[in-house]
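Chains as they are written, first to last, in the numbering used here: chain U, 991 to 1219; chain R, 991 to 1219; chain Z, 991 to 1219; chain P, 991 to 1219.
Hints are computed from structural coordinates only; laboratory data are not their basis.
Predicted, not measured: the structure shown is a model, and the values here were computed from it.
Treat the hints with care, since some could be wrong.
Copies of the same chain look alike in the list, so a pair counts if it works inside one copy or between any two.
What the hints assert, rightly or not - Here are the simulated DSS-like pairs of lysine-lysine, each with C-alpha atoms no more than 30 Å apart in a straight line: (1) Lys1067 / Lys1138; (2) Lys1138 / Lys1107; (3) Lys1138 / Lys1210; (4) Lys1107 / Lys1067.
There are 4 protein chains.
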Amino acid sequence: MSPLPQRIAAETLGTALLVATVAGSGIMAESLTHDAALALLGNTLATGAMLVVLITTLGPISGAHFNPAVSLMFALKGDLGRRDTGLYMFAQFVGGIAGTVAAHAMFALPLLQASLKARTGGAQWLSEGVATFGLAATILAGLRFERKAVPWLVGLYICAAYWFTASTSFANPAVAVARSLTDTFSGIRSVDLPGFILAELAGMLCGLALMSWLLAPADKTLAEAEGQP
Amino acid sequence: MSPLPQRIAAETLGTALLVATVAGSGIMAESLTHDAALALLGNTLATGAMLVVLITTLGPISGAHFNPAVSLMFALKGDLGRRDTGLYMFAQFVGGIAGTVAAHAMFALPLLQASLKARTGGAQWLSEGVATFGLAATILAGLRFERKAVPWLVGLYICAAYWFTASTSFANPAVAVARSLTDTFSGIRSVDLPGFILAELAGMLCGLALMSWLLAPADKTLAEAEGQP
Amino acid sequence: MSPLPQRIAAETLGTALLVATVAGSGIMAESLTHDAALALLGNTLATGAMLVVLITTLGPISGAHFNPAVSLMFALKGDLGRRDTGLYMFAQFVGGIAGTVAAHAMFALPLLQASLKARTGGAQWLSEGVATFGLAATILAGLRFERKAVPWLVGLYICAAYWFTASTSFANPAVAVARSLTDTFSGIRSVDLPGFILAELAGMLCGLALMSWLLAPADKTLAEAEGQP
Amino acid sequence: MSPLPQRIAAETLGTALLVATVAGSGIMAESLTHDAALALLGNTLATGAMLVVLITTLGPISGAHFNPAVSLMFALKGDLGRRDTGLYMFAQFVGGIAGTVAAHAMFALPLLQASLKARTGGAQWLSEGVATFGLAATILAGLRFERKAVPWLVGLYICAAYWFTASTSFANPAVAVARSLTDTFSGIRSVDLPGFILAELAGMLCGLALMSWLLAPADKTLAEAEGQP
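With the hints as extra help, turn the sequences into a complete structure.
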């Protein structure tokens, strides 16, 4: 890990580039085709590829959370202090909004918009819960068993989750807020944000709880192998 | 490997997420496009990506079979005891059905449906046989030569098999049963299940037999290198 | 490397599965869509994925050539004896035809067909030459610098070459012959085979010559590091 | 690194194959479909795959820049001498044009064309700046933290950048010049080149400046670990 200023900069930059990719590739896709599956495919590949790049290159600096639900999860695990958690989250929300602005500027759109796309209801909330549950489980088990592969695992997981959840898997409160500020392919009405964010946090908590139990024996084995009591 | 409760939980969870991905991405794809190739492409990428994630993250816990044909293969090889084999299979069938329910719930569909999609006849059975033959061969040779790469090999193999077999490569009795309970893109009539499952088991047996012979000299070399008689 | 019977079996099986994937995914794609780019995309992904799997799993047994031009290249380099080269090539041609038969059987088509698809002329031959030149260069440099990555490099190279050459990059005389026996997406008229095969051999020779010079200093450095004169 | 003749040949060959892939896959895609998103998808996958292959196989010879902005960045960092930088750039421009000629020859088009595709204005320049900023950051952080992964990181980054920038991310002055000589999918009017190239250089400088600060603590830690003052 790097000193705090670099860590905060990395979280801001990473979240900005992530949101610029999500929003930008959605705008590009919608401008090129009328087929919504093809648009989602372009959106999926760009997002997954960028996640692998960002987590590999910025992970050694800040841990590459880019996601308040993930930072909160590490805080609950005791891996991230209270002050740092707050700063990380602030950086993620600011970076996310900067990413929307950057995408709009690159496509010559008004820098901020209010999304009109409705994403609400029980099925959508369940989707967000499942999506964030899976993301949390992927990160925790990945870090435990195959730390080097985590960038790939997260990128691949999100690629799958874009397609197998009805909400296309936001799974990230900062990204959700940033996406409420674009009235394009990836947008979400700001009024729908609370439901999404609560569902994401609930999914994260379920993932953390389940993986704590599922990984406990493996953690114990590891500790013994290292001679720790 | 973890203790039995964790192993069974991992097989249940993994098969559930696998089926949720197969069924859910099929529903998503059909809702977005009328082009069946594009739908299969979304289905393919989501399934392949999820397989890499699930096998990497749950493999160290349970072996990440998620497939009764694979558990049976390891039982025949003597790598999985009789009791564990039964428990694994039970967990896979239960997890698979839970995955269908989860996909339906996320897309606001009735939780269980009876599929009307006919998948039968010699060409379909041959396809399933070839698909499962190849899956067995991939797993056995992968474990033998490049253990770390097995998640990728299985994910890539299934991506290819979705396209080169006429049945889109179920290659998994638990997934086949779970898919009989969804009347969407990935469904199969329950009456067609026996043919598929028998073909899958036959393909697995052929793969096991061929690879036993093909890998025997390499196994012998390895044993000698390790000073075993 | 394994004993000769296993090596020949691996070359036969690998070439059969490769051709079954190329031909089968083409048939699947044509049956699902009228968009030729989408068909080529499905064909590309299946072929690339299968190449990674086959080269990883069968490479330690036979070297995973699956291609007479590649076996000839290793013969010219002195890495494959005359008898083995002949046996490898025979296995590849037999395996390739078996792959076409398998694909046809899975899709309930006549087991062998005569392709009517014309692929001829200078631009096509240049394409095949460039495609095989690049394949040879990829293999030789990959083996030299990053042996473990060769399955990925070949799979990715062929994915790219399906799109950047006008011939969709056969780059393999055994696969070309096998594809002359299917009148589907991936077919080629048998009368067009000699032009393709000659172009492939010419491309391979150019790749071998160029890489011999390009890699010579690196080879020398390696030899010195290992204390060889 | 290899001796200078091999290095220059590798830069020429690599840039030629890169441009042949960008231009050739664009021509192929346009000939197969009327859907521009699908065309961009084929273009994206071919380019990303080829980048992984070229950087892996030619990187140990020349460093695999294939891009005057990247060579200039290494010159500014003090990693590439003045004479070599000039020779690298010359090789990249020559190789790029050779790549356009090769693509045209393979598709039976006039060997050189003047592109009529307008790509100009503030949004396009911002896109090129962002694209090249991200490329520089990816390369610098990748080399610092995960040197072996750089071919993948660059390939994945460009896949994402084709979609999230409005300019489809040229991010390379030599490729931009070469693309001005094809009046097909990937072309750019020669009159629009100066804006693109200036934006690319500005983006590279921003990336170099930011990463110098962001990576400084990690560099210091590394130096201390190696006992250097």
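Here is how each hint holds up against the structure:
With identical chains, the CA atoms of Lys1067 and Lys1138 are at most 30 Å apart both within one copy (20 Å) and between copies (28 Å). In this assembly of identical chains, the alpha carbons of Lys1138 and Lys1107 never lie at most 30 Å apart, being 37 Å within a copy and 42 Å across copies at closest. In this assembly of identical chains, the alpha carbons of Lys1138 and Lys1210 lie at most 30 Å apart whether taken from the same copy (21 Å) or from different copies (22 Å). In this assembly of identical chains, the alpha carbons of Lys1107 and Lys1067 never lie at most 30 Å apart, being 35 Å within a copy and 47 Å across copies at closest.
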